[in-house]
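**Student:** The lines below spell out each chain.
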Amino acid sequence: MTGGAPLTRAQAVMLDRFCPMHVVIGPTGHVIGCGPTLARIVAPRAVAGARFLELFELTRPRAVQDMATLRALDGARLRLRLRARPRYALKGQLSVLPPGDGDGGMMDGGAMVVDLAFGMSVVEAVRDFGLSGGDFAVTDLATEMLYLLEAKTVAMEESRRLNRRLEDARHAAQEQAMTDTLTGLRNRRAFDALLARAVQAGDRFALLHLDLDFFKQVNDTHGHAAGDLVLRAAARRMLSVVRAHDVIARVGGDEFAVLLPGIDSAGTVSRVARRLIAALEEPVTDGAQCFRISASIGATLSRDRPGRTPAAILEGADRALYAAKAAGRGRHRLDAGQAAGPAARDAPGPAGTAEPGAAAQARAAVPHGPVATEAEGARVAQGVAMRSR
Amino acid sequence: MNGLINRAIECFARDSYGDPLWQEVTTALGIGERAFEPLMPCDPGVTARLVDGLATRLARAKADLLEDLGTYLVAQPRSEAVRRLLRFGGVDFAEFLESLEDLPDRARLAMAELDLPAIALHMQGAGVFRVEIAGADDAGLRFGPVLLGMLRAMADDYGALVLLEYRGRDAGREIIEVHLLDAAFADGRAFALAGGRAAP
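Chains as they are written, first to last, in this note's numbering: chain A, 1 to 389; chain B, 1 to 200.
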């Protein structure tokens, strides 16, 4: 506090202590004193001697340009900021001292005291000015507010971590629920969901139903360990001959379903089927023994008969698989009116000779399927079913 | 009781005695991961068993172990948040001591489920304080030794020279005596009000 002021020394000491961010404005509008915390903030500029309205800008109420207007705000709530540091919003209250108080009462009114505080800007202000608990009045809740803010931040961070852990666990559980544990392929549930989505979206796709041939012999002759080995190898090999976004699921003991998004040509399906069968016919070895299997594939194209339900689509592929199996081992069939590709390159093999009977079986089992609508079983056997190699 | 307490014990035990010992103790007690989820409620009996199990495995008195836990919570960089939140209690160690009565309320503000026993502070004479902690919880866990360890570490933190003594307990309370010999004995650790992670 400067001497000759409108406040007694005792009052000044009390103000410094209770209101460490106060400003005393003399009758001329010049700052004649200020609290220690405010002095720290304004430093290195001197507070005393400057005109209050040059040091501070009132943001509410606005348009306060002169002392008379300011004096009229006696008791009002003020929002203001330091012109030199406009970043920190301050709030405050102004009190006009009665004229003649102390020895400075002169002219048109006495001095004024404005008490200031940081509002929501307190965190940045405390950080930027390096304020400590001692810079605030004992009754000021700034420290408590900072405490709460920090406690809340710590708790929120912990909460975020918990959420992430739960999300990871949920994801893992979901993955697990969708995965066949032995092969790592999708399982039936996952495949059904994907198929349903594809049907609902009206996507074009090919669906293959694949059944391993001779797998039961491996399992029965060499045991489950050998069977599991073959299944895992089969999964790996199938994945290696399809695109990354094609889906292969294990839907039964030695049955697999393959979804080929975007595929709508019989020729492509035929090529993929041949690749799958070829990959599966490569011998599998456990280091001591060699196991050989093959596969039969029935396929259907979504575009062939649009509007089918997922169940009807699966049924179509199933029907074609049945026909492929009936045609012999290591073959594929397309469940559609048209042939899956050009005529078989090889002559009807031993399996082919069994065709009439097999086709008749297929017809008997699935009377509506296009595969079975042809009466000439031999034509079906030779024209649609092909050797995979 | 909250998983946070168990988590604190876990961090303390792993850092002080290593992961294998911790695994051994929790496996033997059959306490699973769920008990250490900081924001999840947890049976208070689990915490008591954990402390018993650790003390038995280490052949140490429970009170000693809990005191070390208190010191750890304040002094370890890993639990810096605890130290910082405690430092908000006062600008110097004397003021911090005076804020101890607010500690349960402050803890609740930070985390609603955190239920610390009531603490009362009595001035015994110049620089001599008696801290009274309300009795053990239903599971028989006592907070006094933990607070003793925390006070020791906080005195270091403030740079104060103190003499701390656990004066014993009865059914209703535990008593710690604090002799504040020199409030500004050393420099202490820096503390900026807005220096925590809350600062943007």
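It is possible that some hints are incorrect.
Unchecked claim - Partial pick of chain B residues on the chain A-facing surface, computed with a CB cut under 8 Å:
no., residue
1, LEU109
2, GLY188
3, ALA192
What the hints assert, rightly or not - Just a sample of chain A residues kept apart from chain B, beta carbon distances all over 12 Å, derived:
no., residue
4, ALA225
5, VAL247
6, ASP254
Rather than coming from a laboratory, the hints here were simulated on the basis of the structure.
Built from N, CA and C at the ideal position, the CB exists for glycine as well.
**Student:** Enumerate the violated hints, using their earlier numbering and listing them in ascending order.
**Tutor:** Violated hint: only 2; rest satisfied.
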